[in-house]
Amino acid sequence: MNHVPSLQIKDLAFAYPDGNQALFGVNLTINKGERVALLGPNGAGKTTLVLHMNGIHPTMQGEVRIAGVVVDSKNKDALKQIRAKVGIVFQDPDDQLFMPTVGEDIAFGPYNMGLRGEELNRVVDEALTQVGMLEYKDRPPHHLSFGQRRRVAVATVLAMKPEILVMDEPSSNLDPASRRELAEIVQSLDVTIVMVTHDLPYALELCERSVILSGGVIVADAPTRDILSNNQLLASHRLELPFGFSLR
Amino acid sequence: MNHVPSLQIKDLAFAYPDGNQALFGVNLTINKGERVALLGPNGAGKTTLVLHMNGIHPTMQGEVRIAGVVVDSKNKDALKQIRAKVGIVFQDPDDQLFMPTVGEDIAFGPYNMGLRGEELNRVVDEALTQVGMLEYKDRPPHHLSFGQRRRVAVATVLAMKPEILVMDEPSSNLDPASRRELAEIVQSLDVTIVMVTHDLPYALELCERSVILSGGVIVADAPTRDILSNNQLLASHRLELPFGFSLR
Amino acid sequence: MSVSTPITRWPAFVAFFLILLITALLSKIPLLLLFKRALIEIPFIFFAILMPFFGTGEKFEIAGLELHREGLLAGTSIVVKGTLGVLAAVILSTTTTAREILRGLERLKLPTVMVQIASFMLRYVNVISDEMERMKIARESRGFVASSIKHWKVLATTASALFIRSYERGERVHLAMLSRGFDGNLPSLDNSKATLRDWIVALSLPSIAFFISLFFFAIGW
Amino acid sequence: MHIPDGFIDIPTSAAFAAIAAGAIAVSIKGAKSSLDDKTAPLAGLTATFIFAVQMLNFPVAAGTSGHLLGAALATVLVGPYAATLAISIVLLLQSLLFADGGLSALGLNIFNMSIIGVWVSFAIFHLFKRILPKTKISLIAAAGIAALISVPAAAAGFVVQYAIGATAPFSVTSVLAAMVGTHILIGIGEALITIFAVGAILASRSDLVYGYRSQRLSLEVRTAE
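Residue numbers (the working numbering), protein chains in the order written: chain V, 182 to 429; chain U, 182 to 429; chain E, -15 to 205; chain H, 12 to 236.
FYI, nobody ran anything at the bench for these hints, they're computed from the structure.
It is possible that part of the hints are untrue.
Claimed, not checked - Restricting the straight-line Cα-Cα distance to at most 30 Å, the calculated cross-link-like pairs of lysine-lysine (BS3-like) are: (1) K266/U <-> K49/H; (2) K93/E <-> K257/V; (3) K342/V <-> K137/E; (4) K255/U <-> K213/U; (5) K120/E <-> K318/V; (6) K147/H <-> K137/E; (7) K40/H <-> K255/U; (8) K137/E <-> K261/V; (9) K145/H <-> K137/E; (10) K93/E <-> K342/V; (11) K145/H <-> K43/H; (12) K93/E <-> K43/H; (13) K255/V <-> K191/V; (14) K137/E <-> K140/H; (15) K120/E <-> K266/V; (16) K342/U <-> K191/U; (17) K255/U <-> K49/H; (18) K120/E <-> K261/V; (19) K257/U <-> K342/U; (20) K213/V <-> K261/V; (21) K49/H <-> K342/U; (22) K261/V <-> K318/V; (23) K49/H <-> K257/U; (24) K257/U <-> K40/H; (25) K255/V <-> K137/E; (26) K93/E <-> K40/H; (27) K40/H <-> K261/U; (28) K255/V <-> K120/E; (29) K257/V <-> K120/E; (30) K266/V <-> K137/E; (31) K213/U <-> K342/U; (32) K43/H <-> K261/U; (33) K147/H <-> K120/E; (34) K318/U <-> K49/H; (35) K318/V <-> K40/H; (36) K43/H <-> K257/U; (37) K255/U <-> K43/H; (38) K120/E <-> K191/V; (39) K266/V <-> K318/V.
Go ahead and model the full structure; you've got the sequences and the hints to work with.
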């Protein structure tokens, strides 16, 4: 295993142009190959944090490093490299899938990274195979089920061979079987994963470690099982296990 | 309790204009005050069935009765009465909240039913109070959180004093606390409820009885606990309890 | 009013400008915001600046530049009138909520369907532009930079995805409306009648402007 | 392209406002007969779409950028009546809320963009659809040609208004040359984007394309047993 962490965030603070401060000094290190759940109430700054990881939000104060490289939104070329390394799967697959066919959608990222021809084709097929959607390559994404579109959205970023895969609410709107199928795909991937989620059972199933972001700072960072068994901690950040769910 | 069932569906069959048949003879009776979960895989015909309950889809074959009255989409006046009795809460609250402010949105249904002036005002306030959103009456829906919009969407149909409340995936996209708050609201309502959902733990928490719609027919109708403990039944209709969830 | 006043009667325009400024101050609009939002006018100012160099009629020279009197007047007229129009519109839109504007349109007897279309547009403009923003972030996250003509195809496919989403939302909204008893008539937004006082307040600005132009016309400026 | 206040004199503006009002009245009738009670939500969301898409800037050349007018695109997608209504509403709200285009010039702007823009698109689209073989490709091509011509046509509308009621001293012919010339360039961009967009929509939801619907000859009718 590589000794450079996939993600290092130091003292990251950020305020929106309207003066609203969202992050108040976030510190987080994630090693290569780890799967970490990022939990927290609505409005805690989870999305803001994620959009710092690939330089969509410029770093105002503090530092974000991906595989050792500082994210600098002013350096356009470096930014392109960073965005290849950080694959974000957004919550609504329709935001991510806009090309006429599944295959073209998967090719979009690698094409922007400069891949062409045979190599591009190979990368596309590989990514589709990883999520079990190869046979849908020539279909318009619009005709797929929601669960299939979510899987294609995952493939669009896998095709960029990311150092770190960030998934925003991966289980939302999935029926139970699609939810499990996606879990199996996630478990089969050999990549660092940050999973932003409200679905605490899903976090427990897939991530060894969890962090809670609340009020713009990391308030807890521990094994998922420990965090989920601390009811007081959960309750004070508007989190709770669903009715009927027990930690075995 | 009233002896006329809130909902009676007999031998309901339906095909779309393109020839695609979605329902193949559905039979379902729901008594006043019951809360029933409507489960089933994607594409089973759940939405098609729901849109028969208020005559959006005309009945092609078979019969649907609401509180004893046949749903007849040709009779415009009768249809108006039916739509007042069947309140559908759609999955995306933004589809349902189309007026400029929360208050006007709640008033939309009762206004169409002929309510005006002081009475209209009273009904609106009552519905907003039931979901704990009265203070947001003059706000535009855009400024509310997702969970709040879902609650307002519920209020828009409660204001019509429905005989039967149909909720499409009520827990989708909610964070854990909003999910529980909505559950508490649902439990406080004194109305017949049909809940279309993939969230089996939520069905167990809120509904005594569940039915499974699969391949356009009802394949199971039993107490929710019995259905959820029959793994073989669940599996054969692409349903399953989430990882870590145990029926206590 | 300002549009129909000839540009040569310039003191009238100074007065118009002062009225708008006073209105802005009375409605507590930060002047900076006012002028920032008025920047939308810039393309036409460019056009107007070019005018003195073209056209016909009397010529004269300033600082070595050959200018046409007609063009100069017309250019100034466009800048001045355009600026007044933009300032008035900015004041209207910062002091009046979208909803009040809709009510106003309804009161001005704009056809009901048009008011409804406008109302749906105002309701969903945030929803749709949020969707567009999220799509943009998703594109950029995969290394896309809009920089050259070959990227038009990407923007066009984004537009098409956006159209499908907008149209499908329209269909779902229609279903939700039907489900709550919609029969073609939307409830009127306007539940109060305009009082005499409202009309007086509303007409005060135009009438002051009218008297100013009458005054300067009368004294023959 | 949005004409501000003070560019064209008041009698001309008023005359065009009257024409615009008439055309809107006709379009309301036309839209209601094809969309029925769906008119408000569907035309409303189409207007929202046009408004959003006009914010989508695309690079033209040398650091400048243009944006889509959307008249041809809307015409092909939702039909001329709903397109006229949607674009008129966009222009109305742009002038009221964003000071984009003068309120006294609203009639002029509606005439150019939502009447000339839409109906020229519609005529050309129909003409070419009839001439070309009945395939999706020719439909897309027809939409592209409609877009290409609709933009300079709308610009020519401005020139007509200018000739009648201008307060500026250019000769009409030089304005015509300048306006139509630059707008042919913009029209090329408009055409390319319209082509790609219509193509993409035909690929995923061909049933949403108004110009395609009338093209289907007959449907097989089946009955459920």
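Now the hints, each set against the structure:
| no. | hint | in the structure |
| --- | --- | --- |
| 1 | K266/U <-> K49/H | 23 Å, holds |
| 2 | K93/E <-> K257/V | 53 Å, violated |
| 3 | K342/V <-> K137/E | 25 Å, holds |
| 4 | K255/U <-> K213/U | 26 Å, holds |
| 5 | K120/E <-> K318/V | 23 Å, holds |
| 6 | K147/H <-> K137/E | 18 Å, holds |
| 7 | K40/H <-> K255/U | 25 Å, holds |
| 8 | K137/E <-> K261/V | 20 Å, holds |
| 9 | K145/H <-> K137/E | 24 Å, holds |
| 10 | K93/E <-> K342/V | 59 Å, violated |
| 11 | K145/H <-> K43/H | 28 Å, holds |
| 12 | K93/E <-> K43/H | 19 Å, holds |
| 13 | K255/V <-> K191/V | 19 Å, holds |
| 14 | K137/E <-> K140/H | 23 Å, holds |
| 15 | K120/E <-> K266/V | 19 Å, holds |
| 16 | K342/U <-> K191/U | 25 Å, holds |
| 17 | K255/U <-> K49/H | 18 Å, holds |
| 18 | K120/E <-> K261/V | 15 Å, holds |
| 19 | K257/U <-> K342/U | 20 Å, holds |
| 20 | K213/V <-> K261/V | 21 Å, holds |
| 21 | K49/H <-> K342/U | 26 Å, holds |
| 22 | K261/V <-> K318/V | 26 Å, holds |
| 23 | K49/H <-> K257/U | 17 Å, holds |
| 24 | K257/U <-> K40/H | 23 Å, holds |
| 25 | K255/V <-> K137/E | 26 Å, holds |
| 26 | K93/E <-> K40/H | 17 Å, holds |
| 27 | K40/H <-> K261/U | 26 Å, holds |
| 28 | K255/V <-> K120/E | 18 Å, holds |
| 29 | K257/V <-> K120/E | 17 Å, holds |
| 30 | K266/V <-> K137/E | 25 Å, holds |
| 31 | K213/U <-> K342/U | 14 Å, holds |
| 32 | K43/H <-> K261/U | 21 Å, holds |
| 33 | K147/H <-> K120/E | 29 Å, holds |
| 34 | K318/U <-> K49/H | 27 Å, holds |
| 35 | K318/V <-> K40/H | 44 Å, violated |
| 36 | K43/H <-> K257/U | 19 Å, holds |
| 37 | K255/U <-> K43/H | 20 Å, holds |
| 38 | K120/E <-> K191/V | 27 Å, holds |
| 39 | K266/V <-> K318/V | 24 Å, holds |
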